[in-house]
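Asker: In case you want the letters, here they are:
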Amino acid sequence: MKSNHTFAALAFIAIFGLAGCGGSRTTIIDDNEVKNTAFNWRVREDLPLPVEPTTNPMTEAKFQLGRHLFYDIRLSGNGTQSCGSCHQQEKAFTDGLVVAVGSTGDLHPRNAQTLTNAGYNATLTWANSVLLSLEQQMQAPLFGENPVEQGINDSNQDEVLQRIIDEPRYADLFADAFPDEGSPITLNNIIAAIGCFVRGLTSFDAPFDRFQQGDPSALSEAAKRGMALFFSERTECFHCHGSYNFSDSTVDRTIAFIERPFHNTGLYNVDGNGGFPDGNRGLIELTGDPADMGKFRASSLRNIELTAPYMHDGSIDTLEAVVDFYAAGGRNITSGPHAGDGRLNPFKDSFIIGFTLTDQEKSDLIAFLKSLTDTEFTTTPRFSNPWSTQ
Amino acid sequence: MKKQLMKKQIMKKTVLCSLACVLTCLSSMNRLAHAHSRQDDELGSKVSAALSATWRNDGAELQESGVWQIPGALMGGEAYPVEKGTSLDDANLTIQHNSENGIYGLLQISSHDNGNEAEIHHAYAGYTFFIGDSRLNLEGGRSAAEMTPSNAEHASNRLFSESPLALDVLLGRQLNDEGLRARWQWQDWILGAESWRGSAFPATPGDNGGSFNVFLHHQEQWGRSRWRTGIWWLQADADERLDSRYLSGHTHGSATVTAPEVSFSGRSELVGAFLRLDHTLTSDRQWQLQAEWIQADVDGSLQDSTHQADHIGTHRGAWVQTALRQHQHELGVRWEHLALDNTLIGAGAPSLASIANLYNDREPTRTTFLYAWHATDTFLIRCEWTRDNSQEDSTDRFAVGLVWQETLWSQR
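Quick note, the sequences are listed as chains A and B, same order. Reading the first sequence from the start, the letters are residues 1 to 390 in the working numbering. Reading the second sequence from the start, the letters are residues 1 to 412 in the working numbering.
These are computed hints drawn from the structure, not numbers from a lab. Take every hint as true, because none was put in to throw you off.
What follows is a list of derived Cβ distance ranges for each label pair:
1. B:S65 / A:D341: 35 to 41 Å
2. A:P57 / B:I355: 26 to 32 Å
3. B:G85 / A:A228: 22 to 28 Å
4. A:N273 / B:Y359: 47 to 53 Å
In this text, a Cβ means the ideal position worked out from N, Cα and C, and glycines have one as well.
Please model the complete structure; the sequences and the hints are all you need to start from.
Answerer: Okay, structure coming up:
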C-alpha cells in the first residue's frame with residue numbers, strides 16, 4: 001500500500017513538474033545553404049533563388065558581359081539582329097508582334113515569350129519538355145535554321161566571332177568574366193554569358209509584391225477584388241498560373257520534385273478531334289503522344305500587361321479578350337482555315353471550364369493582372385541596352 | 001528508416017496474429033468467467049445517450065485560409081475548432097451488452113463537432129478471461145485508445161466543453177481506430193497493449209502505417225480519495241499523411257476550407273503520464289484534480305508537390321485542471337500549455353515551414369474558468385470563460401452550454 005501511495009505522489013510531482021516546464025519554441029531551418037550565391041539576384045529574402053547551373057555559375061562579370069552580348073546585333077549572321085530585338089526591355093522582353101521575325105525575315109510560328117524570371121522556368125520555349133537550361137535553349141535562336149532567327153551557321157560563325165573580337169569593349173568584359181581562360185572569346189562563353197544575363201532578369205517588384213509584403217495601399221480596391229477572383233475556384237486561373245511566378249511550370253533551388261506541365265486551353269479544334277493548326281500543334285510535335293495535342297507551357301503572368309499579343313501564336317490581342325476566351329471555356333472559330341470549336345477540344349485542360357463575370361468583375365480581374373507589372377524591371381538600367389546608353 | 005518500418009511491421013503482425021490466436025482459443029474454452037465490459041461490469045444490456053451543445057460568443061482563431069492550426073504543429077484527426085454561435089459538441093447513443101459467458105460488446109453511434117451525419121464511433125466486442133486473481137480482457141473492433149482516460153472523453157462527459165489542446169494537437173483530439181486490445185488487470189494495476197490499423201492521427205493506414213501503444217495504470221482508493229495515475233507510450237507510423245480534417249473541404253459557414261497539401265511521412269513516438277484525484281471533502285463537497293503531460297517526438301519528412309525536407313520535432317503538451325463541487329454547484333479551472341520545437345532540413349525547408357505553418361515563436365497557452373450547475377443527476381448547465389493564447393493574437397470567449405446524459409433502457 002505504501003509503495004502505491006509513493007507511486008501516486010511521484011506521478012503527481014512529475015506531471016506537475018512537466019506541465020509547467022520543459023517548454024521552448026523553436027523552429028530551426030537548415031536549408032542546406034540553398035541561398036548561397038556569389039551573385040546579387042535582387043530577389044527578396046522570402047523568395048527562393050533560381051537554380052544556378054554548376055557548369056555556369058552566376059557572376060556579376062558574366063552577367064554584364066551577357067548584357068552586352070544580348071543587345072549586340074553583331075551576334076547574328078547578317079549583323080542585323082540581337083536577342084534584344086525580339087526581347088525588348090520596355091515590353092517585358094517581348095516584341096509586341098504576333099509572331100517573332102528572324103534576321104532574314106523568317107516568321108517564327110510562335111509569339112516571342114517574355115524573359116521575365118526566365119531562370120525560374122521549369123522548361124523553356126512554349127512546348128518542349130526536354131529543354132531545361134537557358135544555355136541549351138539558346139542554341140535555337142542563335143543557330144536555328146527553321147526558322148532562321150539570328151542566323152549564325154557554319155559558314156558565318158567565324159565572321160560573327162571576329163566582329164565580337166573586334167569590339168574593343170569586349171576584351172575587358174570577357175577577361176573579367178572568364179579570368180582563367182587565355183582566349184575567352186568563344187561561342188561557348190558567349191552562350192554562358194548570355195545565359196547568366198537572362199537568368200538574372202528577375203522581377204519581383206510589382207504592386208502585387210508590395211501588397212504581399214504588407215503595403216495595403218499598393219493595390220487598388222479593384223485589383224484586390226480581382227485578386228480574390230484570380231485565386232478562386234470560380235475562375236480557376238491560379239491552378240496553371242500559381243506560385244510566386246504565376247506559372248505552374250516553375251522551378252527553383254528549393255524544389256525537389258519538378259513538375260513540367262503543359263496545357264491545352266481549347267484555343268483550336270480544327271478537325272473536330274482536338275487538332276491544332278499544322279506546324280504549331282504543341283508538345284505533340286516533340287513527344288508524338290496524341291494526348292499532347294495543343295499543349296503549351298503556361299507562361300508567367302508577371303508583366304502580362306506589357307506582353308501582348310497573347311497565347312503561343314499571338315492570336316489574342318488584348319487582356320480583355322484573353323479573359324473572355326477563358327470565360328467562354330475555349331475559342332469557337334466559326335470560319336476560315338482554323339474553324340472549329342475549341343471549347344469542345346477533347347484534350348482541353350480540365351480547369352478550362354468557363355465562368356461568368358460581370359463587367360465590373362472582368363475589370364477587377366484585369367486590374368489585378370495589371371498589378372503584376374514591375375516598372376522597375378522594364379526601366380532599370382541594369383537590364384537595359386548598353387550600346388544605346390554608352 | 002526502411003529497416004525500422006519493416007521491423008515495426010513484423011512486430012505489428014506478430015502481435016495481431018498472437019491476439020487473433022488467443023481469441024480463437026478462448027472462444028472454444030469453457031466460459032467460467034463473469035461477464036465484463038469496459039464500460040461497466042454489470043451483466044445484461046443497457047442503452048444510454050448523451051448530448052452536449054454549447055453557445056459561444058466567439059470561435060477559435062483560424063488561419064487566413066480558414067484552417068485551424070496551432071503554429072508549429074501539424075494537426076489532423078478530428079481536431080476541429082470551436083465556432084461562434086451554437087454548436088452541437090457531441091451527441092451519442094450507446095448500446096452495450098455483457099453476457100454471462102464472458103463475451104461483451106459495445107456500439108456507439110455519435111455525431112461530433114457539428115458533424116452533419118451520425119457515425120459508428122465505437123463498435124467492438126471482447127472476452128474476459130480470469131487467470132488466478134487477475135483478469136485479462138481481449139477486445140477487437142473500433143474504439144478509442146485506452147492509454148489515457150482523456151482520450152475517450154467527449155464534451156458530454158468532460159468537465160470542460162473544449163477538448164484539451166494537447167490532445168487536439170498531438171492526438172488529433174482522439175485516437176479512435178480499428179484494432180485489437182489486450183488489458184491485464186491485477187489488483188490496482190492495469191497493463192494494456194493496443195495495436196491499431198492506423199486510420200487515426202498521427203498514423204496512416206497501409207503497409208507503412210499503423211500504430212501501437214502500451215500503458216500502465218494504477219488506481220487506488222485511499223480513505224476519501226480516489227487516485228488514478230498512468231504512463232503510456234505510443235508509436236505511430238504515417239505515410240504521406242495530409243491534414244485529413246480538410247481533405248474533402250471542411251466548411252465554416254458558407255466557406256469551404258482546404259488545408260495546405262503538405263504531407264508527413266515518418267514516425268511519431270509519444271509518451272504520456274496522467275494523474276486524476278477525486279477527494280470527498282464532506283458528504284456534499286468534492287474536490288477533483290487532474291494533470292496530464294504528453295510528449296511527441298516526430299522524425300520523418302515533409303513534402304508537397306514540389307518540395308521536400310526532413311522534419312524532426314519535439315512537441316510537448318500539458319494541462320492541469322481542478323474543480324470543486326458543492327451540492328449542485330461546481331467551479332473549475334484548467335490551464336493548458338504547449339511547447340513546439342521543430343527542425344526542418346533541406347532545400348525545401350523554408351518553403352515547407354511556411355506553407356505548413358511550422359514557424360512559431362511563442363508557447364501557446366489557454367486558461368478556462370468554469371461554473372457548472374448540476375440541475376439534476378442527468379442534466380447540467382455550464383458556463384465557461386476562456387483566454388486563448390494559442391494563436392498569435394490572444395482572444396477571449398464566453399460559452400454557455402448544456403449537457404444531458406441518460407440511461408434510456410436497462411435490463412440488468
